[in-house]
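Enquirer: Let the hints inform the model, and build the full structure from the sequences given.
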Amino acid sequence: MTTGRLWQRLNELPRHAAAQLSERDVPATPGVYAWYREAEPVSSGRAIGRKGLRTRIWHEQLKTGSDLSYSAFRRDVCAHLGVAPTIRTKIRPTVMTAVEVEVVNRWILGCDVAWIECMSPSEAERLEQLLHAEWIPSLSRH
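Numbering of the sequence shown is given in our numbering, commencing with residue 1 and proceeding in unit increments.
Just so you know, these hints were derived from the structure itself, not from any lab. Every residue, glycine too, gets a C-beta built ideally from N, C-alpha and C. Wrong hints could be hidden among the right ones.
Listed next, with one range per pair, are the computed distances between beta-carbon atoms [what the hints assert, rightly or not]: (1) S66 to T3: 19 to 29 Å; (2) G65 to S22: 11 to 21 Å; (3) T3 to E38: 13 to 23 Å; (4) H59 to P85: 22 to 32 Å; (5) R92 to E23: 18 to 28 Å; (6) Q129 to P27: 18 to 28 Å; (7) L13 to P85: 24 to 34 Å; (8) T3 to V99: 17 to 27 Å; (9) E12 to V99: 35 to 45 Å; (10) G49 to I136: 16 to 26 Å; (11) G4 to P85: 10 to 20 Å; (12) Y70 to A98: 14 to 24 Å.
Here are the simulated lysine-lysine pairs, DSS-like style, with alpha carbons at most 25 Å apart [to be verified]: (13) K51 to K63; (14) K63 to K90; (15) K51 to K90.
Expert: So this is what it looks like as structure tokens:
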């Protein structure tokens, strides 16, 4: 249950339907994010790399290729759905069938995502630590 003040802040932010999201919708800044399924947070994380949230959310988590190894969220969704165990999807490159990838993509496209932009990667790292100190969603493995 998300009861902390940071989770409350994140839960009150506008959510973006994954199926309707475009690359330009996602900011190219560091930040934290949460994925929601049926209005409940299922995963959260930080974006601290080059182009921040845009790279993390758009290029790594909404990426539709057969290699799941670069996204813990995609790997965890795959395991959650019983498509393939994480031990298989961590191998680089992961080779998944088109049917397996479609199942994962369809589930993710049924999610919403919200984010908080940060001024720096270190601020995003700290905010993620504080969020996870309050509560960790079921598909976030840390």
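Enquirer: For each hint, tell me whether it holds in the structure or not.
Expert: Verification of the hints:
no., hint, verdict
1, S66 to T3: 19 to 29 Å, "violated (38 Å)"
2, G65 to S22: 11 to 21 Å, "holds (18 Å)"
3, T3 to E38: 13 to 23 Å, "holds (19 Å)"
4, H59 to P85: 22 to 32 Å, "holds (25 Å)"
5, R92 to E23: 18 to 28 Å, "holds (24 Å)"
6, Q129 to P27: 18 to 28 Å, "holds (21 Å)"
7, L13 to P85: 24 to 34 Å, "holds (33 Å)"
8, T3 to V99: 17 to 27 Å, "violated (39 Å)"
9, E12 to V99: 35 to 45 Å, "holds (38 Å)"
10, G49 to I136: 16 to 26 Å, "holds (21 Å)"
11, G4 to P85: 10 to 20 Å, "violated (31 Å)"
12, Y70 to A98: 14 to 24 Å, "holds (18 Å)"
13, K51 to K63, "holds (15 Å)"
14, K63 to K90, "holds (16 Å)"
15, K51 to K90, "holds (23 Å)"
Of the numbered hints stated above, those contradicted by the structure are hints 1, 8 and 11, listed in ascending order.
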